[in-house]
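Engineer: Could you put together the complete structure from these sequences and hints?
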Amino acid sequence: MPRAATEATDQDLIQILTPEGQRLPNETYDSYLGDVDDDMLRGFYRDMALTRRFDQEATALQRQGQLCLWVPLRGQEAAQIGSGRATRPKDYIFPTYREHGVALTRNVSFSEMLRLFRGISGGGWDPRENNFHMYTMVLAAQLPHAAGYGMAINLEQHGWDEAKRAEQGDAVLTYFGDGSSTEGETHESMVFANSFDAPVVYFCQNNQWAISVPFEVQSKVPLVTRAAGYGMPGIRVDGNDVLAVLAVTRWAMEHARSGKGPVLIEAVTYRLGAHTTADDPTKYRQSEEELAWAPKDPLIRMETYLRESNIVDEAFFEQLERDGNAMAAQVRKDAMAFPVPPLSKSFEQVYAEAHPLVQEELQWHLDYEAGFADEAGQGEK
Amino acid sequence: MTLAKAITNGLDKVLASNDRAILMGEDIGRLGGVYRITEGLIDKYGAHRVIDSPLGEAGIVGGAVGMALRGHSPLVEIQFDGFVFPAFSQITTQLAKMHARSEGRLTVPVVIRIPYGGGIGSIEHHSESPEALFVHTAGLRVITPSNAHDAYWMIQQAAECKDPVIYLEPKRRYWLKGEVDTEAPALDAFKAQIVHPGEDATIVAYGPLVPIALAAAEAAREDGRSVEVIDLRSLSPIDFDTITESVQKTGRLIITHEAPTFGGLGGEIAARISERAFLSLEAPVLRVGGFHMPYPISKVESQYLPDIDKLLEALDRSFAY
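These protein sequence lines are chains A and B, in that order. When we follow this note's numbering, the leftmost residue of the first sequence carries the number 1, and every step to the right adds one. When we follow this note's numbering, the leftmost residue of the second sequence carries the number 1, and every step to the right adds one.
Honestly, the hints are just simulated from the structure, not real lab data. By construction, the Cβ of each residue, glycine as well, lies at the ideal position given by its N, Cα and C atoms. There are no misleading hints in this set.
The calculated DSSO-like cross-link candidates involving lysine-lysine, where the alpha carbons are at most 30 Å apart (straight line), are:
{"#": "1", "chain 1": "B", "residue 1": "Lys299", "chain 2": "B", "residue 2": "Lys5"}
{"#": "2", "chain 1": "A", "residue 1": "Lys345", "chain 2": "B", "residue 2": "Lys191"}
{"#": "3", "chain 1": "A", "residue 1": "Lys260", "chain 2": "A", "residue 2": "Lys90"}
{"#": "4", "chain 1": "B", "residue 1": "Lys44", "chain 2": "A", "residue 2": "Lys260"}
{"#": "5", "chain 1": "A", "residue 1": "Lys283", "chain 2": "A", "residue 2": "Lys220"}
{"#": "6", "chain 1": "B", "residue 1": "Lys191", "chain 2": "B", "residue 2": "Lys249"}
{"#": "7", "chain 1": "B", "residue 1": "Lys249", "chain 2": "B", "residue 2": "Lys310"}
{"#": "8", "chain 1": "B", "residue 1": "Lys191", "chain 2": "B", "residue 2": "Lys5"}
{"#": "9", "chain 1": "B", "residue 1": "Lys5", "chain 2": "B", "residue 2": "Lys177"}
{"#": "10", "chain 1": "B", "residue 1": "Lys162", "chain 2": "B", "residue 2": "Lys13"}
{"#": "11", "chain 1": "A", "residue 1": "Lys345", "chain 2": "B", "residue 2": "Lys162"}
{"#": "12", "chain 1": "B", "residue 1": "Lys44", "chain 2": "A", "residue 2": "Lys164"}
{"#": "13", "chain 1": "B", "residue 1": "Lys177", "chain 2": "B", "residue 2": "Lys299"}
{"#": "14", "chain 1": "A", "residue 1": "Lys90", "chain 2": "B", "residue 2": "Lys162"}
Here are a few chain A residues that face chain B, going by a calculated C-beta distance under 8 Å:
{"#": "15", "residue": "Ile153"}
{"#": "16", "residue": "Glu188"}
{"#": "17", "residue": "Val350"}
{"#": "18", "residue": "Leu357"}
Structural biologist: Put into structure tokens, the structure is as follows:
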């Protein structure tokens, strides 16, 4: 059983696939990978490659002025695909704003995800369809939501025994980063979830940088060691190793789901690109560091492993590239074709029930816009 | 029945009628809250529905948002007005915006109960009136009862509302007794109510100042002035129709609240009524409220708070035009 380490060392880092693409046996976690066959392995690589291709296309769209902003995830694909694939459809996920790979595992369409960044929507997709919550822009604000959601699950599944919960129970997976690990709401969320044994898995992608500030400023100790302070198990995993991430997240979800309380996972990874398209990493970090992380790329090690194990052939990669390009072309086409909802739509979404001020202002707005329609033949429809 | 007990009974009814309703807050279980508003409810509904939370206002409100996303209806308590600010980000950036962010798909029917206002001789952070901050935030509804009957019904109306509701409890009126008709529902929580009809001037008040406005109206009658008093009840939305009609009749308007006048609700009401009833006004709209300072030390708070004399002085100024 994973322990809440007070001092994490590299020996504590759970790794199943080395950066060189070698698969290591793991006494604790191999049983969580029993069903992982060649098809699934190919699937994980495919998920990661498509996510990276999507990320590349979205970055290009932003550079071309078609998106307000983009939040690249290059380098974090394994952490996201591995953890997302460890969930069940009924589990609820609270992402940050960088979980494009997790979204893929929940079947949120890439095109829909761009509605937020194209300025078409404040959210973008229907969280109820895939139990994948909207992105939250205020750092760590989603973490108390996760705790409350988990407390509500406990309320509903009150009286279920461990076996029934393990089989039919729900759990929450919530994401945050090394940057937001310092926010007060992270702390409050973890206190609440632990006090009430809420089924919440806290998944930290420690990508080493909070925009321009390095991890050392966020924490004097390895992040995973904080778990002990809350009384929950902590697991430190190689975030660039999709198999290790899958295994530990499955363990953690099972632990939480069966009513034993929350778990903290620190996935050690690296943001290979910029924080957002508005960022410039050359101002705060050395290219030597980036070069040192480059060979640890999650896709490279998986590719090596798949090739050396003869699980894939060249045709697999060729097909994947074609599929990726087709997906990217479709995403681009969809994004450019999003209809812009009229501002009048926004009035309707402020309150769920009738609100006289909003109605009055909507009427004013429509009348005002109609004045232009008389002159120019256009206005808000 | 006291106003406090009326809220207790209202919450009891909410918990009895809606098994998805949950109460959460600091010390609300065994203790029944610092003002005992939730007294007895933990015994009746259990610790899983009347939850003593850890200390952490952002955790309380953020947790409530999460519960609501799971389909529950949490009613949370913030211990005092001045302690709501650690939750301010959750309230304004999450709770208020979730419905809009989701393009109307999600609702977060959270009720946040906050004892507010001064006049209780307390220390810092225990006497504030932060309503303008919430009223300014689209997506929130803000209501405040001034009497036991309204308190009983308005908390239930808040619980039934699909939008987030800030339910401000006038703490210095917790012990104010009044009739509660448990059969006849109060007026819609989002409407204002004329609590004293009059012909010559209108005073708009809410929460703790309604009894003072009523007393001022009584005193004014001795001067031969017939003053109409409106209990606003809902601070967002504001029932401007009721105020406008009144001012069209009386021609004079005074708005009073404990919160500082600068940037307060009185200014908003004054501006709107100037637009709606400009030609009916015999005098500028006047405000009687707090000064632009942190809520003062309790030994001098009586000089800070609006009272009968300040309202009468404002009436004099209004009638001088």
